[in-house]
Structure formats: structure tokens, C-alpha cells
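Enquirer: Next come the chains, spelled out residue by residue.
6 protein chains.
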Amino acid sequence: MAKTKKQKSSSFSPVVMTELVLPSHTNALGTIFGGVVMGWIDIAAAIAAQRYSRSQVVTVSIDYLHFINPIKVGYTVKINAQVSSVGRTSMEIEVDVESENGITGQSKPATKAYLTFVAVDENGKPCAVPAYSPKNLHEKKRQKQAEIRRKARLEAFKY
Amino acid sequence: MAKTKKQKSSSFSPVVMTELVLPSHTNALGTIFGGVVMGWIDIAAAIAAQRYSRSQVVTVSIDYLHFINPIKVGYTVKINAQVSSVGRTSMEIEVDVESENGITGQSKPATKAYLTFVAVDENGKPCAVPAYSPKNLHEKKRQKQAEIRRKARLEAFKY
Amino acid sequence: MAKTKKQKSSSFSPVVMTELVLPSHTNALGTIFGGVVMGWIDIAAAIAAQRYSRSQVVTVSIDYLHFINPIKVGYTVKINAQVSSVGRTSMEIEVDVESENGITGQSKPATKAYLTFVAVDENGKPCAVPAYSPKNLHEKKRQKQAEIRRKARLEAFKY
Amino acid sequence: MAKTKKQKSSSFSPVVMTELVLPSHTNALGTIFGGVVMGWIDIAAAIAAQRYSRSQVVTVSIDYLHFINPIKVGYTVKINAQVSSVGRTSMEIEVDVESENGITGQSKPATKAYLTFVAVDENGKPCAVPAYSPKNLHEKKRQKQAEIRRKARLEAFKY
Amino acid sequence: MAKTKKQKSSSFSPVVMTELVLPSHTNALGTIFGGVVMGWIDIAAAIAAQRYSRSQVVTVSIDYLHFINPIKVGYTVKINAQVSSVGRTSMEIEVDVESENGITGQSKPATKAYLTFVAVDENGKPCAVPAYSPKNLHEKKRQKQAEIRRKARLEAFKY
Amino acid sequence: MAKTKKQKSSSFSPVVMTELVLPSHTNALGTIFGGVVMGWIDIAAAIAAQRYSRSQVVTVSIDYLHFINPIKVGYTVKINAQVSSVGRTSMEIEVDVESENGITGQSKPATKAYLTFVAVDENGKPCAVPAYSPKNLHEKKRQKQAEIRRKARLEAFKY
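Chains as they are written, first to last, in our numbering: chain A, 837 to 995; chain B, 837 to 995; chain C, 837 to 995; chain D, 837 to 995; chain E, 837 to 995; chain F, 837 to 995.
Hints in this document: simulated from the structure, not taken from any laboratory. It is possible that part of the hints are untrue.
A pair counts as met if it fits within one copy or between any two copies, since identical chains are not told apart.
[As the list claims (entries may be wrong)] Distance condition first, Cα-Cα at most 20 Å in a straight line; then the derived EDC-like pairs of lysine to aspartate or glutamate:
1) K908 / E958
2) K914 / D932
3) K908 / D957
4) K908 / E975
5) K961 / D932
Next up, chain A with everything else stripped away, as it sits in the complex (with noise of 0.2 Å):
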């Protein structure tokens, strides 16, 4: 049985990732291929995850991905991932990636995502998290909005 770890204060940095698109990353098209990107919101979910849990972690779900906007060859994507509401021995984490025109400087939202993780311990089995406790209005308010959208999810795929 999984008992709670001590209650950890919710400030803790969001992990930043940033990469350039290379050829060798793009479809057919010219743009960056899905899976990259997919890969790399993976990587920086789980290290948030890793970071906020000190424990191994195991990516659980993809509750949302969206592509806003496409990414050319060439540009500078920004990703960043922090935990944004915490269960027993699991983590939400939303993942905001932003290209940017490395010779402008503008730069445009271009994917959004939430994913779950659960801590493991060292056989593997899930182990509880610090509790997390909003420290302010927009930290409460995020975790709200992360709690509907899990019923909404939940009540979405029993279909």
C-alpha cells in the first residue's frame, strides 16, 4: 500500500526543452513530422514528472494533444512541461510548444497537450506522490479545470 509522501510546496520550475528542426525531423510536406513532436513532449512530460515525484515514472495517457499551428524546417521549438494537478501516485502534465522564426523572432503557439504519468517504484509497481497544494489563484484554478477535464475524459471514453 502506497502511503503519501510529505506535502511539497507547488513551486518547482517547468522543464524547457528547446530544439531545432532539422530535415531530417519532417514529413513529406515540409513540416515537422507528428512523432517527433510526440517524442518530445514525452520526454519533457516525463522529466517534469520525475522532477516533481523523484521516482521513476511510466507515461500513462495522451488525454490531449492538439497541433495548433505547423512547424517548418528551420525553426526553433520551446517546449515546456509542468506538473498541473497530482493524484495518489499519479501526475498530470501540461506541455505547451511554441515555434519560433529564428530569424524574426516571432514566434507562434504550436501544440498543446496534457499527459499522465505514474510514479513506480523499484519493482515497477505505482508509488505515491508528494501532495500538491495550488499556492495561489491561477495554481487553484488550473487544478480545478484539470479535475473537470478528467470527468469529462472519463465520462468521454466509456463510449
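Once you've looked at the hints, dock chains B, C, D, E and F against the given chain A.
Expert: Here is chains B, C, D, E and F on its own, set in the frame of chain A:
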């Protein structure tokens, strides 16, 4: 304005992809790295969408992707992707991933996903895809469930 | 000494692998790099050999691999691999590769190959595989041709 | 003749890149393969140079790259790259790599590097970059050290 | 119609490629994945064919590829590729792969292969390559054997 | 305490590595991505150090790496790595990279590098390498220059 192509008989075969899990696909726990599976799923789903629409397609979203069982190095992975419901320019693709122990022959469900693709013309603008008419009870049920999922999803991610 | 496992009914389904040709798979001419196709063929054939023998397998040789038509970036590639003849510890695998223009739906034969694998036990020693009994005229003919190929090959590479 | 772009305030944020060491990144000793770290350093530094110059950039040289501590599989790697000194068309980038044990949270310096990039215009010709004016004592000291390094280097590699 | 370029002195040096077997190259048995070796062989052979013909070349076939000894992670691999016989537009390349234990210095033959390439002009049409005149007994013998192999092969794969 | 192995005759052949620049190796400018060349250089140099010391080796530093001319997609790259000077447990490796237009046969120097490796025993501790005795004027001069480089370098990076 995109006009709807002529209606398509609903029977089209799923895309089948078989892969072998090599050490280069693994994470530090010796199971497959999430990003590798996501990449395979994205490719299989894109091919299914392209076969249905006979046009270039771009990934719009992963609506749901759930890792059911971990996949070990040396295992065979079998991916099935097929169109499950169709909008005017978009297609929902259902993807089922099984992992198989090549020695015992036992296989287990590993991952389940729904992705949405949009068909694009030569200028990258969304273009109409053939209408989808379910031809039996199973396909009708699947289409109805896709509709429910879509609504619940829209609801869930207002937040 | 390896003893022959019990005889197997000859009907086992081919391994099907579907891939999308990305820019990272190409050579400087814009067609697929030979080594990428060879890698896919080796994996599909290894899975077919493993499924037949229910043991670990190692590639012994490529007996024939012919590029019939070049494969272009953006095309879909469909690979079929199946056991075509069986020795005491070895299996010949026949592999057919087709490329498909995803927009027009037209497909062409792209590559044809025969590979030989040997089944190995947990110490890496060759071990017996189930005997193969062709169940119809087509399978009998294929087995006979495999035998002729094997002899001519041995003859050819004495030099 | 390249004319100098308008002077830039020296405060620009470093490029932050975070990576997870996967088995596919390792050498036969189970630590990260040098070429993988070099690749990450080159990308982070190129993005820093591009952000500063707002132009395409090419790597001219690695002036110094020192592996301080080995990086193990499963560790998180954090890369910081920032402009440390600026010539007329060239920029020296300072890169610091830390590795972090994700479970204990302990981090160590792993690699330190200085690279030189040159800004190029659309014809691939070197072009002027904004002048750099250090805004505090730390930046002034760093710039002076860069100058000493550069001289000693030119001296060192006459041979 | 392709006219034969002026005859070439037969002495041209083989292509030498040296590689280190990293964990990312292995299969689940800890030895090198067949597809990786095939990729290296294809590249080395293509360079040899290109050097001989001074034109673009495409892989036509692998006529023979035999894995003699398995190659372990951490080993050094040495690949030699050279033209062994020449047709009007095609070249047979002989490839020898050795693996070396870097610690003991012992090396063993690992793989042997013959591939056929065809020279192509800027429109992708086959074009003539320089005639090959063996300059010593060894080269004459090799050319004769290539001719025998070619005939036996044509015979073998009629079936 | 590491004791010096018996002195080695200075004649040992350089490591030769030949590669073909594929589209997957390029940056957004159509020339080779710096990280790819660095990876090849690190591997070639590591093999040279391992061959000299007959032990496992780890990269300590890149002391100098200069891109002289850009390398284009489709070109052949030839890498030469050899021991240039030897300490008690460390070895300096000199690496020369040439790029060759496969059609014209013209080749140019592309990159020049010096790297330092240290030999390690089975516990990862530095261990002695054979002493190096230059056997001719060229080797003596090279060794002396290495010594000057080493001093200037230590001087340069005190800052």
C-alpha cells in the same frame, strides 16, 4: 469551398504495421519508450487517413492514447489503424496496438488511441473527404460512439 | 543434438508491415536509401521466422534482394514476409515489397527478397524448427523452387 | 562589406535544453556517447547564436569542449547556451551541461564548451551581427576572458 | 544509347569504412542488428561504385550477403568495398566486413557480400561506365568468378 | 598506481572512415549538420585511441575542431584519425576530414580536429598506455607541436 467527394463504400481494410522492439527503442526501464510507440501510431494512422481520403493529410490531434500494458524489448508489436468516423474534411482514426512475446506466441493489448487527421489539398488547405456510410451494425455503433466522444471531448477541453 | 519439433500445419499468416517514406529515409536522389529498405525487410523476415519457429532467430544470409522500382518520398511501403521453405534448423523467408502512391492509390512491386534465418536456443546454438508440410499445390511448388534456388546458390558461390 | 547592425542591449536569456539519457544514446560502457552530447551542444549553441544575430548561422569551431563527469543512462541533462563574446560577424557561445540524477535530485557539472559561430546572409556570406555591450561587471569579465582565450588559441594552433 | 567511356586502369583503391558497435545498433540478443550492417555495406558499396563510375549510382541488387560471425556491442567493424567486375552500365561490388575486439586486437571475418549497382545520368537513366581491364592474375580470376556467379544467379532465380 | 606498458613501435596505421552525406544528416541550409560530423570524428578518434592502448577509452576533451569548408548532401566524407602524442594515461588524436564530390572526384579539406582520450580499466579508472616513440622526423615534429598545443591550451583556458 470544399465540396464533398462521392460517397465511399465503408469497407476498406485497416492498415497493419508490425515492428520488433529493439534496444534502441527502450527507455531506462527496459520497456519501450513512449515516444517510439507514438511515432508508429502516428504513421499507421496517417496512412489509414491517406488511403481513405486519397489526399495529403495532417495530424490535428491525439484525442486519446492510453498505454494499457508495457512493451518489452524483443517483443513484436502489431499496430492496426482504421477510419472510425468521418467529418467533412476530417477523419477519426482508431488505433489498436498489441504486443506479442515471439517465443510463447502470447499477445496482449498494449495501447489504444484515437487520432484526428484533416485532408489537405496542394495548397495545404483542408479539402473534403468521401462521406462515410457504415454498412453494418458494428460500424454504425462505432460511428455513434465516435460522435459521443467528440462531444464529450469538446466539453472536456473548454477548461 | 537438436531434435525436430512436432510438425506444423502449413497455414500461418504472413507478416505485414506498412511504412511511410519520410525525408529522413532518402538518399541524395530523393528516393529511398537502400539501407532503409534492407532494414525493414530484415525486421519483417525475422518476425516471420520467429513466429514460425517460436524461438530466437538470427539472420544467416540474404540470398537475393532485387530493387525492381525506386520508392519515392511520401509513398507508402507495404512489406509481406512469409516462410517459403524450411530446413532442420533454418528457414527461408520470402519478402515482397510494394510501394503505393497514397494519392492515386496505384501500387507497384518495389523489392523482392529471400533471406535465410536460423533458430537459436538460449545458448545461441542452432535448434530444430517445426517441419513444414505444404498443404496445397502453390505451397508445394514454392517449396520445390526454394530447393532449386538453394542448390544453384551453393553452386554459384563456390566461386 | 558588412555593416554593423545597431547595438544590442546585452541582456538576452540563455537557451535552455533539457534531455533524458535513453539507452540509444549510450556507448558500450553504459554512459552517454560523446557524439550525442556534442550534437546537443551544437544545437543549443546554434540557437543561441541565431537568437542573438537574427540570421542563419554556421558552426565555425569548437574551441574547447571538456567532459568533466560521465553522464549515465536514465539521467536528465540540462544544457545552457549563451553568447559570451561577439566579433564583427562571429559569436562565441559558452555552453554548460549539467547532469541530474532524477531520483535523488543531485546534479553535477558534466561538460563545458565554447563554440564559435558566424552569421551568414541568404547567399551564405558572413554578415555583421549586433555589437555587444556588457552591462555589468560579470559580463565585462567574461568578455575580457573570451578575448584572452581567443589569443591563446590562435597562438596554440599555429603549431 | 549509352557509349562506353574511355577504359580505366584497373588500379583503384577500395573504400574503407570503420565503425564502432554502439548499443543503439544491437538486437535483443546483444549482437548487431542485421539491418545496421546491411546499411553500412550499402553505403560503402555505393561509394565504391560512384568512385569508379564518377556518376550517381543506384543499388540494383544484393546478390549475396552472408553473416559469417556475429558482431558484438563494443567491437570495431571494418568494411572494405571494391569493384570486382563491370558491365556496360553496371558494377559488381565485393564487400568484406571484419569485426575486431578492440581490447585483444583479434579480428574475424564477419560478413561477406556482393552487390550490383547501376550508374545513372542526371535524368536517372542508366549510363555507361568505364571498361574494366584486370591488370594482374588475381584481378583476372576475380573477374572470371564474377561472371560464373552472374550466370548461376540468373539460373537460380528463374525459379 | 598505473604502470607504463611496454614501449610500442610508433608505426600504427590511422583509422579510416568513409561516409556518404544523406539528407538525414543535413541542417536547414542543405549542408551537413555540425553534430553529425562531430559524432563521426568522436567515433573515429575513439577507435584510434582504443587500437593504440588496447583498452576501453573515454573522450576527455575536444581541444580544437575547425570547420574549414561546408560539406554538401551527396558528397563523400573521408575521415582519418591517428594518435599524435601520448601521455601516461592519455592520448591526443589528430583527425582530418575531407569531403569529396563523388562525380568530379575533387576533394577538399573539410574539418580538422584534435581530441584527447584517456584509457580506462575494467573499473573505469585511468590506466597506463604504451609509451610513444616517434620513429621519424615527421612524427617527432608532430609530437613536439602537440606539446606546445597542450601548454598553450592550459594557458588559454585558465581564463
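Enquirer: Next, verify each hint and record whether it holds.
Expert: Hints versus structure:
With identical chains, the CA atoms of K908 and E958 are at most 20 Å apart between copies only, with a shortest distance of 17 Å across copies and 41 Å within one. Taking the shortest alpha-carbon separations for K914 and D932, both the intra-copy value of 8 Å and the inter-copy value of 19 Å come in at or below 20 Å. Taking CA atoms no more than 20 Å apart as the test, K908 paired with D957 passes between copies only; the shortest distance there is 18 Å, against 40 Å inside one copy. In this assembly of identical chains, the alpha carbons of K908 and E975 never lie at most 20 Å apart, being 33 Å within a copy and 34 Å across copies at closest.
In this homomeric assembly, K961 and D932 never come within 20 Å of each other (Cα to Cα): the closest approach is 29 Å inside a single copy and 25 Å across copies.
When each numbered hint is compared with the structure, violations occur for hints 4, 5.
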